[in-house]
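**Q** Here is how the chains run, residue by residue.
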Amino acid sequence: MSARLDPRPRARPKPRAHPAPGRLGPAAGMWRSLKGRFYGNNFLVLITVVLFVAVYVAGVFIYRDKNFGSLNSFFDMLNSNPGLIVIAAGMTMVLISGGIDISVGAQVAMYCMMFAFFMERRGVGCATMIVVVLLTGLVFGLVQGALVAYFKIQPFIVTLAGMFFARGMTATISPQTIDITNPDFMGLALFKFKFAFGGYTNASGVYQQPFVYLSVVLALAALVLVYAVMTWTKFGRGVYAVGGSEQSARLMGLNVTRTQLFVYTFNGLLTAFGGFLFCLFSTGGAVEKAQGFEMQAIASSVIGGTLLTGGVGNVLGSFVGVLVQTTITKFINFNGTLANGWSSIVLAAIMSFFIILQSVFTYVRGKRR
Amino acid sequence: MTISDALGRVVRSRLFFPLVCLALVLLLNVIVTMSTTGSPGPFFQITLTNGALNGPLITILNRSSELVILAVGMTLVVSCSAGTDISVGAVMALSGAVSIWALGFGQLAQNDYHVKEYVVPYAVGLLVALAVGAVCGAWNGFLVSRLKIQPMVATLILYTGGRGAAKVFADGQIDKVDVANYKWLGNFIQDSQGNNLVPIPTAIFIAAAVVVATALVLRHTALGMNIQSVGINSRASRIVGLKSARIILLAYAFCGVCAAVAGIIATSRIGGIDANNCGKMLELDAILAVALGGNSLAGGKFSLTGSVIGAVTIQALTTVLYSINVSADQLPLYKAIVVVIIVILQSPQLRPLLRRGRDGLKRLLPGDRAAAAA
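First to last, the sequence lines map onto chains A and B.
Residue numbers for the first sequence follow our numbering, beginning at 1 and rising by one.
Residue numbers for the second sequence follow our numbering, beginning at 1 and rising by one.
Rather than coming from a laboratory, the hints here were simulated on the basis of the structure.
All values reported here derive from a predicted model rather than from experimental measurement.
Each residue gets a CB set at the ideal place from its N, CA and C atoms; glycine is no exception.
It is possible that some hints are incorrect.
Stated by the list, open to error - One-sided and incomplete, this derived list gives chain B residues near chain A with beta-carbon spacing under 8 Å:
#, residue
1, 147
2, 149
3, 163
4, 165
5, 300
6, 301
7, 324
8, 327
9, 331
10, 334
11, 343
Turn these sequences into a full structure, and let the hints steer you where they fit.
**A** Quick look at the structure:
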């Protein structure tokens, strides 16, 4: 008798128990986590990375005769933006907490002026000034944070006042443009890490060795620090929770007020550090320094996948956002014939794209719930 | 009604605080004038020279007209969407640049970026500016109302790109207009000999017209109430039957038109467009004017009069600071102090603190408590 004619009902296969992740093997576990990430918050960062790679590769092909693809050219993008990298990271943290800080550009101008004025006109030492500037940033952030957290004043208004204050203070310290010549400071500013590979030989036959400034290394270290704080510390997770829903965070037992205070204080410190790095690059103080810097930082965060409603974002994404912005500027500069207005137009177009994408993303996510 | 009741009503009025601010700033002006000239007279003096009224008060009103117009638009935006339009300064520059680009269409570059004569009629140039403002505002409104993007973020796009676009339209140059009547709107209306026909700066009339027209429309249609209702609770308004999204779109478009009008005045004042500096930082002043006018930046109820008073207060503050030799670059420092004081005073967190202080004071004065008990 064949099994087919067997009248007994076939034994149903046992329903498989949901496999524990550990028993599934490493590959499947990774795939699941990747899938989760794809649908999760990092989806926006992924798009940014793809966009950056696409734009950069396009640039390498279009301007291959101008060494766009050389390591020098890539490092150039980092070398001219150490301040923005740090400040975009800090801004991302503030945005994740559901706030905003538009005072950073004016603060950077103020710190540059402090460096320039006190080192050049008052003969204060370089190390002292670094400490003073970092402390000033801490206090600046603390005051803004107190106004936001304790007085419940809208962050936009508080930091608007901060912006006015810092810009006005810059002019009060000195209305002139001061160049920094302090040897210690210039030593820090010009300290290079040279690379033995990836350079090119220029038209006059001189080999151009790629290098990064010390400031870039410091900026990347700060970036990693902020990422670590946001990802692996109680405070960092608290910031995400507060940004996601202040009410829920409070009901959960989080001290929302203190978290907000810390966010702005930490951001003040980061801004001062970013201002120091910016000053290492620009080596001078002037009232109109770092104009529109805050918007560049916010744009970097937005492009890097931070939702401005708070609760969602990735500090590393903001770094990619900085790279995207810089690449665009580079494109416009390499082209040479376009008016400088175009770089902000293209930036605005890219921002619209990302903002609309975010809106769709939030809508879809809301539906799935 | 006793005197204290009347006093209480005045103090509790929405406009009391803005008016006190204005009075304080004007008092400051008077004190400064007294300290420099020895009498308060010159501050209030208005003289007629060369067919134009001159005097500090006229200057303050004249210089504040762009801000007043921006503040009117901003008030509606703040009221209905609980957010701010930070692109108005850029939209001013863009509308001014496009209008001059249209007026000198095709001939700007060959004339060394001077408009010698209008290529298209002047009215068309003005309409182009207004249209640009309306389109920019509508784009902001679309992002805010349909795509539900935070107002500040949505308007950040034009804040970043608007000025860049203005530079592209102006070819990166400072375009000038040499036709005489172009300067009328920002200065005085003149006859062909250059004599002033109207002694009052035209900008004051334009600002007044915008304020009055807006107030009339809001008062005599349901629009004003609808805007407030959307601002207080957008969802509830939609359920009641209001088209919340359309009302928000309308408010932003109107704000864009206001920015365009301000842009027309600003370009007319200097007889050309400087895309880098036209309306620079003015969006922040406009927001400040709204807040100074006693309007909550969290949306809802608004007072147009308050915003206008706020705008004039800012200009009066600027004037007094200039007259004590504060440089234009230092100005923001003092504005910041004013902003912080205002927002702390407005903060609901301050009320309990004050009440505690007042109760403590009452406990110290037994006579007062007896009166209260009786």
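**Q** If a hint holds in the structure, say so; if it does not, say that too.
**A** Structure-based check of all given hints:
Checking residue 147 (chain B) against chain A: minimum C-beta separation of about 4 Å stays under 8 Å; hint holds. Interface restraint check for residue 149 (chain B): the shortest CB-CB distance to chain A comes to about 5 Å, inside 8 Å, so the restraint holds. Taken as an interface hint, residue 163 (chain B) checks out: its beta carbon lies about 7 Å from the nearest beta carbon of chain A, inside 8 Å. A distance limit of 8 Å between C-beta atoms decides the matter here; for residue 165 (chain B) the minimum to chain A is near 6 Å, and the interface restraint holds.
This hint is violated: residue 300 (chain B) has a C-beta 14 Å from the nearest C-beta of chain A, more than the 8 Å allowed. Evaluation of the residue 301 (chain B) hint against chain A yields a violated restraint, the C-beta minimum of about 17 Å exceeding 8 Å. Hint on residue 324 (chain B) is violated. Least Cβ distance to chain A is approximately 14 Å, over the 8 Å limit. At about 6 Å, the closest approach between the beta carbon of residue 327 (chain B) and any beta carbon in chain A falls short of 8 Å, and the interface hint on this residue holds.
The beta carbon of residue 331 (chain B) comes within 6 Å of a beta carbon in chain A, closer than 8 Å, and the hint placing it at the interface holds. Of the supplied interface hints, the one on residue 334 (chain B) holds, with its beta-carbon coming within about 7 Å of a beta-carbon of chain A, less than 8 Å. Annotation: interface hint on residue 343 (chain B) holds; nearest CB of chain A at approximately 5 Å, less than 8 Å.
Violated hints for the displayed structure, listed by number in ascending order: 5, 6 and 7.
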